[in-house]
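Visitor: Chains as they are written, first to last, in the numbering used here: chain A, 1 to 233; chain B, 1 to 317.
FYI, nobody ran anything at the bench for these hints, they're computed from the structure. In this text, a Cβ means the ideal position worked out from N, Cα and C, and glycines have one as well. Among the hints, erroneous ones may be present.
Stated by the list, open to error - Computed footprint of chain A on chain B, listed as stretches where at least three residues anywhere in the stretch have a Cβ under 8 Å from a Cβ of chain A: (1) 24-31; (2) 45-51; (3) 69-78; (4) 235-249.
What the hints assert, rightly or not - Chain A regions said to be covered by chain B (calculated; three or more residues, Cβ under 8 Å): (5) 8-17; (6) 82-91; (7) 107-114.
Below, each chain spelled out in residue letters.
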Amino acid sequence: MSAVIKKELKSYYNSTMGYIITIVFLGLTSWLFFKTFFLYGEASMRSYFNMMPVIFMLFIPAITMRQWAEERKLGTIEVLFTLPLKDTDILLGKFFASFIFLLIMLALTVTIPISISFIGKPDFGEILTGYIGSLLLGGAYLSIGLFASSLTSSQIVAFILGLLFSFSLFIVGESFVTMTLPPAIAPIVRYFGLGYHFDSIARGVIDMRDLIYYFSVIVIFLYLTYVIIKERR
Amino acid sequence: MIEVRNIVKNYGYVKALDNVSFEVKKGEIVGFLGPNGAGKTTTMRIITGYLYPDSGDVLVKGVSVVNDPLEVKRNIGYLPEDNPLYYDMEVIEYLEFIGEARGVRKHKLKGEIDRVVQTVDISHVLYRPIGELSKGYKQRVGLAQALLHDPEILILDEPTTGLDPTQIVEIRGLIKQLGKEKTLIISTHILPEAAATSTRILIINKGKIVASGSPDELTTMAEGGETLHVILKLPSNAFSTDIEKVFNHLNWIDSFTLKEVKNNEAEYVLKPRNGEDIREKLYLLSRENDWVILEMWREKASLEDVFLSLITEEVPS
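Bound conformation, chain B alone (with noise of 0.2 Å):
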């Protein structure tokens, strides 16, 4: 549906996209997840359109935005970030000029409008301003303006900034309803929410794509996989350093950290060679020592932790 190939885009001296290249599939809601400033914002504006890139090409639905800028708006429905709106004009005149401005028929232009009014449920401020308007109004207009084509392809840029919780419990639930008959991107700095909302997730830093995937692939993606807590009593004799000793010449772990000790407790993080499943020859080892294990549990990566490894890593050039 959507092929984004090499695109590089330069502000100044400042690269803002190096060499971005992914896919989208028809139905998938993609969320575009990165930090700000990681380059979100330039990838949809350069898929919509209203970007050129430097070099490179985005593809949708096989027409290329660089040669037919044209065709590829019109497969598009783009709610822009920050959501921007013409607060002179009334609800109705706006989605007007944007029906006309899209070529919509005149004799149609009344039943889409009332269609997306439907969908986004504001019949009742049609003609008010829409500067007037609550936020989370705003923003419905604002996807009213986006679905008033019913374009198969709908990108949206954090559709859910500035608003407040039952809005964004709103805006997320028109957005899972929409994910199911046409294809999404969707961008946002929040973790839960791409988590919340898409099929799959795509991590963006500093220009590059550092990752894609389904939210639980992400996970197992994460560095180490599953680590293993043990809290272990010491025997009155023995020290912490002891155990360390020990866990030094073991070849089924890869790393240990010792997390904290009180008392003659101490809790150790153990991180398995090859993701391998070590608690019975944990078992087994304190037994040989005489350590009592008090508490042992295992850990998955989170997908926070996924996105923050993957930030806040150096970007290899």
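The following block holds chain A by itself, in its conformation from the complex (with noise of 0.2 Å):
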């Protein structure tokens, strides 16, 4: 697996994707941040983490689009599975390299923790809760958008089914849809929804049924994408 990891660690870093990806949502983020910060006039990141639903949606798609349509378009799907590799140290191996990606890219935002508290006195422990629930969050994201790549040969095609699938599932736990349902099934839609989880993360507080329901989906996600990768080669 770490052989799989590690060529897709290269070829994040070998192209500029990477370090595009990494400076735009680092630029962005932090923009958006501190725009709103000083108004509040608060030391903390929750309105920070609070982003994270929605930016993750436009950002890992991005980051998740290649993986498996370049390998099909480039035809090398045929040479990756013609070694002596598990079916699954492939899949997770690309599932864990564009999660140490996503960790590399969250990791350089400690820059935002570190200049607040030389403002204020921050919360240490609800933001490494907000950080913990981003990587739950964003392996959820990455899950699906691997799914996404691996039912096409084309990285446009892949970011697009991404972000479709990622928004569809973020959207159904969303207050405006969850007020339109009958009281009796609002509860249980909602409970589907990938940013809903989150809210309780980012205000500190990990409940036991918010990780189950991330790792949940990173794990449906990732075996679709196996059921796929198996029919389709």
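If you follow the hints, you should be able to join the two separate chains into one complex; please do so.
Guide: So this is what it looks like as structure tokens:
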């Protein structure tokens, strides 16, 4: 598995794509955050993490779009699957590589809590939970994005599908959708929302149900990818 | 070494492989020949464990590809069709990745890479991105990838397609050299290529193996084998129909065709019965009838004829 992880990470940083995604992510989120930060006058990153469900929706499909689509387009998927590697090694290798990429991207935002700590006294426990939550949320988006990428040989299509899938799974948990539903089923539908589970994490509370939710999304979409790759090669 | 047993593979309603069986012995260089879409690539993909057969199995060194694909993949070096490569990687990065994925130990990896780089002669492009290389060099990188773990079996899917004539000669040379120590299967849709590189030819058409044998064996297997061409000068009062009347009554020719009549010369192609040598009989016959033999020569059916007759014939189902 480590060979696949290394190869995928190299391909992120061999191309300008990896740097572009990272820099734009850092720039955009920092700007959005500090734009309102001084208005609130509160040494907290809550509003930063609150952006993540929407920001990830745009950035994560861009991270994952290449992974399977490009293998299909170049035909290298045939090289990959005739190496003596288990299918699951290849699948997980790709997932972990994109996860490490996300981890590095998020690690670089550590300048934000540091600068805040010069101005006020932030709650570092809450910030840590926020990061953990972002990784879980990101992991779920990554898994969805990889699934989207496995469906096509075009990176653009993979990006749009990834956006579409994660948007769909995000929107069902938002209040303006659940409001319109009968009260009996609204909480059930809301439970499937990607962002819904993030709200409490962003406030600093890690609930077992939220963890189970994110892990389930990751596993389900990895499994779906596995099925697609096995069927369509 | 490789035993293909009753493989069936369907793509939807299309039967790609219909009960294909054959065997490849150690040290053989098998040319896998067939028109495009005959099932060559599908067969190779099944042997290498990339695709699963719908039924049947392949044993590679006695190991089933269905039950233990990883062990089979360890024993095979594979160059897929169109030589897919990661264009944004440097050659050395690519070989390192393949080595690691193939489980070559770290301290041995450098030595193994050096070895294949020597074999395919790519030492001066090691630090170039693969996408920038010429087609011939890309093909060498593809071969290096297939050779890195020093496999006993090498499977090459159309290794010379898309190369220019000098590159083709180079790659063929490499293949010949590799054939000295490895068991090879090389697919191609070009007959001279199969004849030039392989010790045995397998012909596949519409998902079925239609013939197998050495280039010579296949030639003699050709329907009718030899033909005798003859140009006869007719007596002034005779027509070609007179000759045909005589031919019709002979029991030592299977069939004949009139190829050309020019002035009073007629060219015939005769198919001897049971492949017999009929030159003498023909001479005596023409003396009897006052025909003059101007030219006479024998023609062996070429491999090309065999190939064409095999792939155009209706495959009995």
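Visitor: Compare the structure with each hint and give your call.
Guide: Now for the hints, and whether the structure bears them out:
With 0 residues bearing a CB less than 8 Å from a CB of chain A, the segment 24-31 of chain B misses the requirement of three and the coverage assertion fails. Counting residues of the segment 45-51 of chain B whose beta carbon lies closer than 8 Å to any beta carbon of chain A gives 5, which reaches the threshold of three, so the coverage claim holds. Interface restraint, the segment 69-78 of chain B with chain A: holds (6 residues with C-beta to C-beta distance below 8 Å; minimum three). Remark: the segment 235-249 of chain B is not confirmed as covered by chain A, as 0 of its residues place a Cβ nearer than 8 Å to a Cβ of that chain, below the required three.
Coverage of the segment 8-17 of chain A by chain B holds. Counting CB-CB distances below 8 Å, 4 residues qualify, and the rule asks for three or more. By the rule of at least three residues with a Cβ nearer than 8 Å to a Cβ of chain B, the coverage given for the segment 82-91 of chain A holds, with 5 such residues. Counting residues of the segment 107-114 of chain A whose beta-carbon sits less than 8 Å from any beta-carbon of chain B gives 0, not enough to reach three: the coverage restraint is violated.
Checked against the numbered hints above, the structure violates hints 1, 4, 7; every other hint is satisfied.
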